[in-house]
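**Student:** Chains as they are written, first to last, in the numbering used here: chain H, 47 to 358; chain X, 13 to 227.
Read the hints as simulated data drawn from the structure, not as lab findings. Each hint should be verified, as a subset may be incorrect.
[Stated by the list, open to error] Some chain H residues close to chain X (C-beta under 8 Å, calculated; not the full set):
1) D176
2) R179
3) D182
4) I280
5) V291
6) G329
7) G331
8) S335
9) A353
10) R356
[To be verified] Straight-line Cα separation of at most 20 Å, SDA-like style, residue types lysine to any residue; simulated pairs:
11) X:K205 / H:A279
12) H:K330 / X:Q59
13) H:K330 / X:N198
[Claimed, not checked] Distance windows between CB atoms, simulated:
14) X:E164 / H:N303: 29 to 35 Å
15) X:A214 / H:N303: 42 to 48 Å
16) H:S205 / X:Q68: 58 to 64 Å
All residues carry an ideal CB built from backbone N, CA and C; glycine is no exception.
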Amino acid sequence: MIRWINRLTQNGKFHPMWIVLAVTGVLIVAAIVLVPARYEGSKEPRQNVAATPRQLPAANLPEPDSGQHDLMQTPHGVQPVHFTPPSERDMPSGELGDMIKLGRNIFEHTQIYAKGLVGNGLNCVNCHLDAGRKADSAPLWAAYVMFPAYRSKNHKVNSFEDRLAGCFRFSMNGTAPEYNSKEMIALTSYSYWLAKGAPTGVELAGRGYPEPGNPPLPPDAQRGAAVFQANCAICHGADGQGSKVNGQYAFPPLWGNDSYNAGAGMHSVKNAAAFIKANMPLGKGNSLSLQESWDVAQFVNSHDRPADPRVK
Amino acid sequence: MKFARCSSAGILLILLMSAQAGLSHADAQAGATIAKNGTGSVAACMQCHGANGEGQAAAGFPRLAGQNRDYLAKQLADFKAKLRTNPLMQPIASALSTAQMNDVADYYASLPAWKPGPGIASSTAQTTRGAQLAHQGNWDKGMPACFACHGENGAGIAPHFPGIAGQNATYIASQLKDWQTGARLNDPQGLMKAVADKLSAADISAVSAYLENPK
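The shape of chain H in the complex, shown without the other chains (with noise of 0.2 Å):
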């Protein structure tokens, strides 16, 4: 080989640099044709979850969208930085004061504070526990400082109005608020007084949901019924569409038209059991075991929803 290559170079028909440039184009070649397939694989229809129970996590799913997985890994043996938000008797008066309050009543209570902006039945709240301050629930302050971003979700830089913008179309199943609008600055100012006094581009302890980790055996939607209706039916009911008082939802559905869409961050079965292992039931955090969070995350996931706004 090596003669042989020496031979084509002293001929002076070839340069080393030929096998630079080949390896390079066979990388590009083959980043064009898989890219577009992982993507397709998203595309596929959902079904036959109980027949084929095996399916492995997170591989055929859209990219997700609780900003956690996509973002920036801290570098391996660097502690977070723990931070603490400021307490709710702390905010602000005046005209700050008011846009800030604006935005926790439209995280709290966006069905009615954005109600024109949501296409489902839920609050910002339902997965940003305890108004977006709870830590291991995706808390605003730890996202907000964690931006401008690169994002897989959509391939270019992403605004902290650009994330924003994600959960309306995609979590709310709804439309993007416009980005001088009211509702755009008055969650961006509730976000950024959560996060006064963070470092800037720092990961922060409680960011996202925890990393699950794998589950010893693969997430089954036929085990995930049972854990449901144990543990998740007395709140989202048995058949998942949560329960409502006063046409509001007191409990969110997990499933259905008033749910989120396909293309929303919970959507991928690991980021759902991230957030249920950390969060659910209420009050009960990381009592189910890392198995049953899979399963039960599997098993809400394998419910018909609205259509990823990304594949029509």
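Given the coordinates of chain H, assemble chain X onto it according to the supplied hints.
**Tutor:** Showing chain X alone in chain H's frame:
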């Protein structure tokens, strides 16, 4: 998908059947008679729970008026089954048939629910802490807001989560302590036990005082 559809259809059927079974027994009129006059072996409910189910704050007898009927019926059954210990209620519940329990539960559920009134409970400091626990919880200890499960302003979310707004402080405090000690064991999935265990004695006083008249 096929599996999910089958199971949800099955669950729906079971729910419909159990709802019907519950309703066919209930008779608010018969319940009213028991509440006012008792039965041969049971004293009238109103002797302790008040003429209109408003309870007796000083003695810590709970308000029953407007409480959701499934919750009330379950409590009577649980007293009988000794999942709730109370020397007064245990013999009473044990002497009632399931049909009578449902009737009484229906009667009290039909009475007007608590409405916010004037005045505040106890001191300002207690009210602030109580309000915080009721509306926001104490997530430093992993405790969700009371109202996250007991509904906006504590009005309850039927069938599992009772109304707690307007309930007297003595009763609320005694129940929270009973969950802590294990004297009360009938909360579904141990959800209330998990919450009660995260409350200090001072938090219990504060939140109980607040719930008497929440804003």
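**Student:** Against this structure, judge whether each hint is valid.
**Tutor:** Now the hints, each set against the structure:
no. : hint                        : in the structure
1   : D176                        : 5 Å, holds
2   : R179                        : 7 Å, holds
3   : D182                        : 10 Å, violated
4   : I280                        : 5 Å, holds
5   : V291                        : 6 Å, holds
6   : G329                        : 5 Å, holds
7   : G331                        : 6 Å, holds
8   : S335                        : 15 Å, violated
9   : A353                        : 15 Å, violated
10  : R356                        : 22 Å, violated
11  : X:K205 / H:A279             : 18 Å, holds
12  : H:K330 / X:Q59              : 38 Å, violated
13  : H:K330 / X:N198             : 17 Å, holds
14  : X:E164 / H:N303: 29 to 35 Å : 23 Å, violated
15  : X:A214 / H:N303: 42 to 48 Å : 45 Å, holds
16  : H:S205 / X:Q68: 58 to 64 Å  : 59 Å, holds
Checked against the numbered hints given earlier, the structure breaks hints 3, 8, 9, 10, 12 and 14 and satisfies all the rest.
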